[in-house]
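Listed in order, the protein sequences are those of chains S and C. Under numbering that gives the first Met the number 0, the residues of the first sequence are numbered 0 to 461, in order. Under numbering that gives the first Met the number 0, the residues of the second sequence are numbered 0 to 428, in order.
What the hints contain is simulated information worked out from the structure, not anything from laboratory work. No experiment lies behind these values; they were computed from the predicted model shown. It cannot be assumed that every hint is accurate.
Straight-line alpha carbon distances no greater than 27 Å define the calculated BS3-like cross-link-like pairs of lysine-lysine that follow [to be verified]:
hint, chain 1, residue 1, chain 2, residue 2
1, C, Lys303, S, Lys124
2, S, Lys362, S, Lys333
3, S, Lys96, C, Lys30
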Amino acid sequence: MLAREVLQELIQVLGAENVLTEQEDLMTYAYDATAAMKHHKPDVVVSPNSTEQVAEVVKIAAKNNIPIYPRGSGTNLSGGTIPISGGIVLSMLNLNKIIEVDQDNLTATVQPGVIIQTLNDEVVKHGLLYPPDPGTVKTATMGGSLSECSGGLRGLKYGVTKHYIMGLQIVLANGEVIRWGGKTVKNVTGYDLVALFTGAEGTLGIITEIIVKLIPAPEARKSILAVFDDVDKAGKAIASIIRNKIIPATLEIMDNVTIQTVENFVHAGLPMDAQAVLLIEVDGYKEVVEREAVLVEQILQEEQAVEIKIAKNDQERDLLWLARRRALPALAQKRPTTVLEDATVPRSKIPDMIKAIRKIAEKHNLQIATFGHAGDGNLHPTILTDERDEDEMKRVHLAVDEIFKTAISLGGTLSGEHGIGIAKMGYLDWEFGEAGVAAMRRMKEALDPNYLLNPGKIVRRD
Amino acid sequence: MSVYNSLDSITEELHNCMKCGNCMEVCPIYKETRQEVGVARGKISLVQYLLSGELEMTEKLADRFSLCTTCMACNTNCPCGVRFDKIILAARAEAVRKKGLHPVKKIAFTALKMQRMFDFGMKTGSIFQGMALKHVPHKSDRIARMRFDIGIGTDKVFPMLASRTLRSEFPEVVKVKNPKMRVAFFTGCMINYFYTDIGKAVVEVLKENDIEVVIPKGQGCCGIPASVNGDVHSAAALAKRNLRAFEKLGADALVVACSSGGTAWKHVFGELLDNEPEFKALADKWAGKSYDISEFLIKKVPFKKEGLGRVERKVTYHDPCHLNRGQGVNTEPREILKSIPGVELIEMKEPGRCCGMAGSFSLVHPDLSVQISDRKTADIELTHTDTVATGCPACRLQLKSGVENAGIEEEVVHTIQILAESYKNGKKK
Numbered sequence: 000m001l002a003r004e005v006l007q008e009l010i011q012v013l014g015a016e017n018v019l020t021e022q023e024d025l026m027t028y029a030y031d032a033t034a035a036m037k038h039h040k041p042d043v044v045v046s047p048n049s050t051e052q053v054a055e056v057v058k059i060a061a062k063n064n065i066p067i068y069p070r071g072s073g074t075n076l077s078g079g080t081i082p083i084s085g086g087i088v089l090s091m092l093n094l095n096k097i098i099e100v101d102q103d104n105l106t107a108t109v110q111p112g113v114i115i116q117t118l119n120d121e122v123v124k125h126g127l128l129y130p131p132d133p134g135t136v137k138t139a140t141m142g143g144s145l146s147e148c149s150g151g152l153r154g155l156k157y158g159v160t161k162h163y164i165m166g167l168q169i170v171l172a173n174g175e176v177i178r179w180g181g182k183t184v185k186n187v188t189g190y191d192l193v194a195l196f197t198g199a200e201g202t203l204g205i206i207t208e209i210i211v212k213l214i215p216a217p218e219a220r221k222s223i224l225a226v227f228d229d230v231d232k233a234g235k236a237i238a239s240i241i242r243n244k245i246i247p248a249t250l251e252i253m254d255n256v257t258i259q260t261v262e263n264f265v266h267a268g269l270p271m272d273a274q275a276v277l278l279i280e281v282d283g284y285k286e287v288v289e290r291e292a293v294l295v296e297q298i299l300q301e302e303q304a305v306e307i308k309i310a311k312n313d314q315e316r317d318l319l320w321l322a323r324r325r326a327l328p329a330l331a332q333k334r335p336t337t338v339l340e341d342a343t344v345p346r347s348k349i350p351d352m353i354k355a356i357r358k359i360a361e362k363h364n365l366q367i368a369t370f371g372h373a374g375d376g377n378l379h380p381t382i383l384t385d386e387r388d389e390d391e392m393k394r395v396h397l398a399v400d401e402i403f404k405t406a407i408s409l410g411g412t413l414s415g416e417h418g419i420g421i422a423k424m425g426y427l428d429w430e431f432g433e434a435g436v437a438a439m440r441r442m443k444e445a446l447d448p449n450y451l452l453n454p455g456k457i458v459r460r461d
Numbered sequence: 000m001s002v003y004n005s006l007d008s009i010t011e012e013l014h015n016c017m018k019c020g021n022c023m024e025v026c027p028i029y030k031e032t033r034q035e036v037g038v039a040r041g042k043i044s045l046v047q048y049l050l051s052g053e054l055e056m057t058e059k060l061a062d063r064f065s066l067c068t069t070c071m072a073c074n075t076n077c078p079c080g081v082r083f084d085k086i087i088l089a090a091r092a093e094a095v096r097k098k099g100l101h102p103v104k105k106i107a108f109t110a111l112k113m114q115r116m117f118d119f120g121m122k123t124g125s126i127f128q129g130m131a132l133k134h135v136p137h138k139s140d141r142i143a144r145m146r147f148d149i150g151i152g153t154d155k156v157f158p159m160l161a162s163r164t165l166r167s168e169f170p171e172v173v174k175v176k177n178p179k180m181r182v183a184f185f186t187g188c189m190i191n192y193f194y195t196d197i198g199k200a201v202v203e204v205l206k207e208n209d210i211e212v213v214i215p216k217g218q219g220c221c222g223i224p225a226s227v228n229g230d231v232h233s234a235a236a237l238a239k240r241n242l243r244a245f246e247k248l249g250a251d252a253l254v255v256a257c258s259s260g261g262t263a264w265k266h267v268f269g270e271l272l273d274n275e276p277e278f279k280a281l282a283d284k285w286a287g288k289s290y291d292i293s294e295f296l297i298k299k300v301p302f303k304k305e306g307l308g309r310v311e312r313k314v315t316y317h318d319p320c321h322l323n324r325g326q327g328v329n330t331e332p333r334e335i336l337k338s339i340p341g342v343e344l345i346e347m348k349e350p351g352r353c354c355g356m357a358g359s360f361s362l363v364h365p366d367l368s369v370q371i372s373d374r375k376t377a378d379i380e381l382t383h384t385d386t387v388a389t390g391c392p393a394c395r396l397q398l399k400s401g402v403e404n405a406g407i408e409e410e411v412v413h414t415i416q417i418l419a420e421s422y423k424n425g426k427k428k
């Protein structure tokens, strides 16, 4: 519980309507989208309407040594917004204005509470695009996706969130407000704090304004689906496409377990015995797209795809994408709990990773479906389970450990796009070693010495 | 086990929620408040904490459960197929079991149960309504605003009570020459007491199609206002009254021109009477032959195309939540509109977005209801039409209030009224 005076101060700064204190409201901020996570009730939820108010809240928190948990839509998958030490949940959703779309400099300036899709709906009017498109593009905020550095389906060609963040306004742990970066393509003035704060999961400062890079929206696109009777052949096809200097906007893969589940669910017309399906989309100028589509088809034939479908129009495109779009819903409806991982490997190791995951599933007697962004090596091994089954949950945790170990041993990483949060904090030294974790801790302590900003995430206090 | 009897009925539904938050994309309340408690995920969590014992049923918790228009948009957008409409009804019923019904609602639902008294009250009201309501001059609708604020502001535009109720204007059986079918008409309260023009249109159109119309005098409120607020007892009593009244006169089919009424006959009566085998069988029997009027005229008895006269209207159609998502009826009204000569159908941006009326929700949360309505009004304005058609009298009330307060010249009618108008114009020649 917070002292009455602290609550009074918060109400004075924000107005009573922006300070939630009743437990019936607080309990709805005790969780996020992460599966099988303990929930924690915050002491208060505040919704500031300006950068100044954010700074005031941070100062009040600093003075009283109260933790602050910044939150957007709470759609992350790493426990990143769960207020594990109570304190203040700082909801950024009222800061939801698109401040500017600058067509000359190809930038947009937004507040952190803007929903990603809302930004895209706005910039598309000018023929522009903000490429990062996580699965939660219609619900997640810009601030949240920046802080998690989310990726999405277009990572291979267009990169991820960090490649589009040009400038930030940040409230530091002591309540001071700084600006870093801006609209210039080139900027080497000082340390690159923009890069540091992107993906920092709200542990280093509070983002209150964001300048993002926009690109011209591609004028055409073409989707191709290829079925393989062998995961290795699909893997070779992926490598071959890239080796032939074709960079598709998306290059997705689904394994046999996923195919079977989806097929039972929506009847999209995929062969049940297929070992892998690749879904490829090329985009750009019309002429380029036509040429690349033909090349991709040739390569897929050479790599022995047993079936190739090319969408001739938008309707056919939607049909090809049906199975991929329904992959998660189909899996999620099979069992009540869906543990969705995002271990990532170099793309050449995709077949090895898929086969390793299958072995892990057999060993622990679990249902694991794997699908994901094969083009950038980011797979989503998805464990279908039930939180209430203690024995099975034990095996789930063992399997997750082994998936992480395998990814790292293949030259990959713990997390491609979901972040570390609470969920993967314990595994960091596997990837960085003790010295690496200590280096990160020193950075955290330099900017937030009292561990008040999203404490208990990424970096454990010594 | 029905959602109205026990929270246990929804435990699996609760477990299926993976907290992804996709409901945030479509929830009309969350779009306005941006508070987690407004959206399905938040209230699902509250029910879970209630079941785990971390929260107790308090009046504050019951208040939170009132934050839902039951528009079912989250159901459709849920990757896990969670039926949130079931969860919220179960939670509200639990709240009433534990904390009792809000005193004002208790009086209201008791009145609904006492049909004769309610009827008398409404008739008396039609004479004295001028004391509370200030008439708003309008060419086609009889509408008014409150003269004083009873807690919901004085901006809202209401329909005036009809001087004669619909059911008193017609005999119990409306005969036609050579009837090809006998159809019972469940009027619902709003059409009986306020929007008699919709009811008359239904009867006209059915007669035009050689159908004998039965309007049982013994029918009453559908009980939805009670059941969505957790007053299961009142709702079940009303369900039984209606079943008895319709069973007494019998019919080949039953039509409804109100989305709540349709939901009641098709789904809710059976669920409410789950524990009473005799009535349950009756409810199921009638559910099997209940139709929304537009559904009936497309699927059951295709309506006569000859004799349709020209109706010069630019029309946009608003999908009532409980007709569209609740009953899967959305192509039928459009098909009717498109077949009327002279009608130009222009779709608004999100025709399936909730209008924010949601029955008593608009009285409990008047500001929120108006905020949601304003978005709908803005979408309607962008269509540059002269008419909004819809399939529900409650939506009509809300939409009319919205366009009237925005100063937009727009008639709001039920689809069936335009069809009746077309038949009428066909005879003019």
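Going through the hints against the structure:
no. : hint                : verdict
1   : C:Lys303 x S:Lys124 : violated, 45 Å
2   : S:Lys362 x S:Lys333 : holds, 21 Å
3   : S:Lys96 x C:Lys30   : holds, 14 Å
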